[in-house]
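Enquirer: So the sequences go chain by chain: A and B. Going letter by letter, the first sequence gives residues 0 to 636 in numbering that gives the first Met the number 0. Going letter by letter, the second sequence gives residues 0 to 636 in numbering that gives the first Met the number 0.
It is possible that some hints are incorrect.
Which copy is meant is left open, so a pair is good if it fits within one copy or across any two.
List time: in silico DSBU-like cross-link candidates among lysine-lysine, alpha-carbon distance up to 30 Å [what the hints assert, rightly or not]: (1) LYS36 with LYS195; (2) LYS482 with LYS596; (3) LYS252 with LYS106; (4) LYS36 with LYS287; (5) LYS252 with LYS441; (6) LYS106 with LYS482; (7) LYS252 with LYS482; (8) LYS441 with LYS50; (9) LYS252 with LYS596; (10) LYS287 with LYS35; (11) LYS35 with LYS47; (12) LYS441 with LYS195; (13) LYS596 with LYS195; (14) LYS203 with LYS47; (15) LYS106 with LYS353; (16) LYS47 with LYS596; (17) LYS596 with LYS259; (18) LYS482 with LYS195; (19) LYS125 with LYS12; (20) LYS259 with LYS496; (21) LYS252 with LYS12; (22) LYS482 with LYS496; (23) LYS596 with LYS287; (24) LYS12 with LYS203; (25) LYS482 with LYS203.
The set of hints was computed from the structure by calculation and includes no laboratory data. Everything numeric in this text was worked out from a predicted model, so none of it was measured.
There are 2 protein chains.
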Amino acid sequence: MSRYAPVPFPQVKLEGQFWHERLDTVLDRTVPSQHKKLGEYGILDSLKLPKPPPPLRFPRHANGFTVQVFWDSDVGKWIEAASYALAHRRNADIEAKIEAAIDDLEKAQAPDGYLNCWYLGREPDKRWTNLRDNHEMYNAGHLLEGAVAYFQVTGRRRFLDVMERYLDHIYATFGTGPGQRRGYDGHEEIELALMKLYYLTGEKKHLDFAAYLINERGQQPPHYFDVERERREGGDSKQPYVFANYEYSQSHKPVREQDKVVGHAVRAMYLYTAMADLAAELDDAGLKHACEVLWDDVMETKMYVTAGLGPSAHNEGFTHDFDLPNQTAYAETCASVALIFWAQRMLHLDLDGKYADILELAMFNGALSGLSRDGEHYFYANPLESDGTPTRWDWHTCPCCTMNVSRLVASVGGYFLSVAEDGVAFHLYGGIASDVEIGGVKVGLREVSNYPWSGDIAISVDPETPAAFDLALRIPGWCQGAKVQVNGEEADAAAAKRGYLTIHRTWQASDRVTLDLPMPPTRLYAHPGVIMDAGRVALKRGPLVYCLEEFDNPGGRVQRIKLPRSAELLAEPRADLFGGIVTLTARGTAIDEGDWKTLYRTTPALQTPTSLVAIPYYLWSNRGQGSMMVWVPEQPG
Amino acid sequence: MSRYAPVPFPQVKLEGQFWHERLDTVLDRTVPSQHKKLGEYGILDSLKLPKPPPPLRFPRHANGFTVQVFWDSDVGKWIEAASYALAHRRNADIEAKIEAAIDDLEKAQAPDGYLNCWYLGREPDKRWTNLRDNHEMYNAGHLLEGAVAYFQVTGRRRFLDVMERYLDHIYATFGTGPGQRRGYDGHEEIELALMKLYYLTGEKKHLDFAAYLINERGQQPPHYFDVERERREGGDSKQPYVFANYEYSQSHKPVREQDKVVGHAVRAMYLYTAMADLAAELDDAGLKHACEVLWDDVMETKMYVTAGLGPSAHNEGFTHDFDLPNQTAYAETCASVALIFWAQRMLHLDLDGKYADILELAMFNGALSGLSRDGEHYFYANPLESDGTPTRWDWHTCPCCTMNVSRLVASVGGYFLSVAEDGVAFHLYGGIASDVEIGGVKVGLREVSNYPWSGDIAISVDPETPAAFDLALRIPGWCQGAKVQVNGEEADAAAAKRGYLTIHRTWQASDRVTLDLPMPPTRLYAHPGVIMDAGRVALKRGPLVYCLEEFDNPGGRVQRIKLPRSAELLAEPRADLFGGIVTLTARGTAIDEGDWKTLYRTTPALQTPTSLVAIPYYLWSNRGQGSMMVWVPEQPG
């Protein structure tokens, strides 16, 4: 099969209602307000070196770690998101703000290329002494992603030059050569950023260093983090490692030997993304196999139904199989965003709809839930159940998720289409237009739909000249009974293989394909190993997971409500909600709280009939505080 | 009503099977093995000053806190538990070990009386600079409790002399007088220890300082913890407070104004215990009222059905009303032990069975669950549900709970009886014998029963000479239809008031009272505000909360099981289990895990009939790892 490559987002125009609204919000509100917050929280000031470091405003842990050590990354990620925004609409004010940050970074850079504002400002002598905890390479990676994005959109090289000087310093410092340290990052990120730079420049040194980091990770004995700890703290005063094990950073064994998804979820997802990149680029079957084994592990035992990842706040990550608590779910927004990255890489390593299904699931649920309707409030953790306590924040002490969701939305068009020499693949639907080149022929593509609210999809294929190529249409895994017509003639949708129906023909201007993806409301049940979901049911329609929110089900906490198994689920369009959505409704039963006086009693609660209304999960907590649940207790009968 | 005072445990002989076994285990296994662990973990060595401090083996937080700062308290608590053990059986080896620790403490004591081994060994100049976090008064309190217990059992004053010198130093340093600091403890404990010393010695200065600590707590502005932080860190480098608020230490407002139970659960319970002590001793209606308001708050909104307290590991404490997650329940053993202390003080402030009910509930469930059957393994956190991951530990980095449960069991007899000038009250049953003095007459009491397995209770009352007094028998709140006979004649059990049936008569030698407390298996339901327990039912019999454990319900995780509402619960004596217990059995249904391949699917799980076996909660996790649940999903019908 031919190798597909994503069509970059600037070539994909978002025309559909769903993404158009999200994109406008991010461009108009999120990106500017994030810059304001970066200023208010002192993050922009932290780049202005030399100047006396401000007092520590955040706790510093035994190992020297403070959230401030990753502020550079927040700036990098904002520049990346802002650059994507500029690709949609140039904006002199935003550009000036990016340039000002680049000014600061350029001035801060040490003569030898080193550029980490935390260390330069506070502890210049201690650079590279604690890769395990202190995020220098992670910061470099995010700055690099920002520099790549800014260059791609504006053609301005200055930031990229700064970062390339920094990378040369890093390449000289670390590696397997004589006099080099065999270090690698405690928080993976730079690997995937280096792959982006490699794709941009074609310079092999970037690919090589990414491969070095991947290959060196977890090699032992000795473990590099032990070596640097010994050097840092001496033999005597061994500060214990806060996270107690190397699973936390997926450095417990070489990556090719890893077969269980462990540790910090975002770290893991960034690592696997780069592993998949490298596996594709180097045609490395061992690495590809490791990716596939890890993919199966997370899919079979560790993913929330919303595509949230990492149940535990303690390690911001994974625990053990089937441990998916709902109310305390960490399910960090960043982790679902990073899962999208990984899924996209897997999809291009092996065009299988199962990857696109998860990409879509994470996009519409676990990732998008991190951003409020107004574009200026966030969830860092994305619980699947709430007693009404959690609410969206306008910023985070550790603001990683805020810019992860803005950069995702600002570049979301990049996940819709891929092209190969002899074909084009549609992974997502939702109303896009794009001009692509297939086998040397320019082809205009337009997909018109009200997806994800409706599965009625119309695609026009307009090659400049008639051309024979594959049109691969993703038939989502959640969809039964898809129908496809080409110029009004039924195609055999059942011929779809591994999630894609491939239509090969000589395409002519004005060819029309229609796709009917039925999306009746469905019930999902969790593996009995997920003890939290025993006796419960999740509601889904198309790619959207639904939840009950108190706002639509007034009268007490939504946990009072049960859904009878026999109750019919109805999809109800609601133009009055969130600019037009589809809710799910059903009859249910509800417990009466009114007659309770004590905490425990021997008589069960009274139950009365009620009706229930579910909204898409990603929209929860946009109308004030209130209880919410995804997994609804099911009542037999 | 006359004022009742507890009959101290050495005067109460435990003869019944239940407590006899627990006591023997603690004397023979727990106390000796705890001393061994204190040695292995360097805790005993930490008293041997002066000598170079060992390397930090535990993380030190930004505020200087490390678990090692409360090692003195662990020694104090072990001496207390060991002293109680000696009251049952003198043991030269244990006494030598206590004396050795006292040798070290005596040598370590500074000339001015100060005695905190962490500060003396590491940072002698920093003593009393961080009452908020660093546990100096807390340690002093536990050492004092140890000294009081050791003196009471052996009559040896040396440790008590050491502690009284230390207290004189503390009294000179803190207070409202000129040149004194208005400090108080960040972790309450010393207050209740001072009350014990006051009861022992009658010296008013101890009562006065306890009252000072209680009264000063939470006074502001300025808040003392702010004052000392300013002094410690200067104006500029304000390390943020790890726990971010003064609710954590119940110092957010003066104690008489507190009406919600907040913060660290053990801190709160120790504080309330001392408040109730003081309210009784000073006849302080305001303090009594505060205790009652706080009691109602925790009972109505914050207590697990096992009498576990504090759902959150984050603050080891309370969160918000009805937040009682099962699997992640912190419910620290120490907190349930401390609830027993508080309940006992409340009971003696106001003889109401509601306090004894909770005392008993905590004893048989949330506290006792912290100690394994073999007496050498522990739970620090006591979850109400498990997927099989948690298991008992043989020690804890922070071993506070281990000695809390051993000192409780070693002194458990002290919770059974109270006497007044004109009466005796039975709070607990389980087979005890005691000689008490009532109005100058010696009265032999024997209570024979197989409680908590059976509610058939026989009490003999043998006054030396015929004497008129009250016999107050607790009729547990969980009991319906209690029957009482005096010398074979029916008494009017329905005349019981506030949990006690008071029988006034002229008692003669060989008077016999029988008490029949029916204990059918019962179902309990939680307030709908406890969203985690919606649709679930807890099983109880007498004072014991039950749980399903995988060991008795093989075939997968117990969470596969549901209990039909109509299923009859049967109490089944099982001589083969744990030396003889009563299990509960019922028919149920179980989900079939066998046919699951994916994490989520659209078809519900298959259910098949099964039978279920529940064991007392306190016995879980004694037969290897396996899943467990207290709140069982209920099936209508």
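Enquirer: What are the numbers of the hints the structure violates, in ascending order?
Expert: 3, 4, 5, 6, 7, 8, 10, 13, 14, 15, 16, 18, 19, 21, 24 and 25
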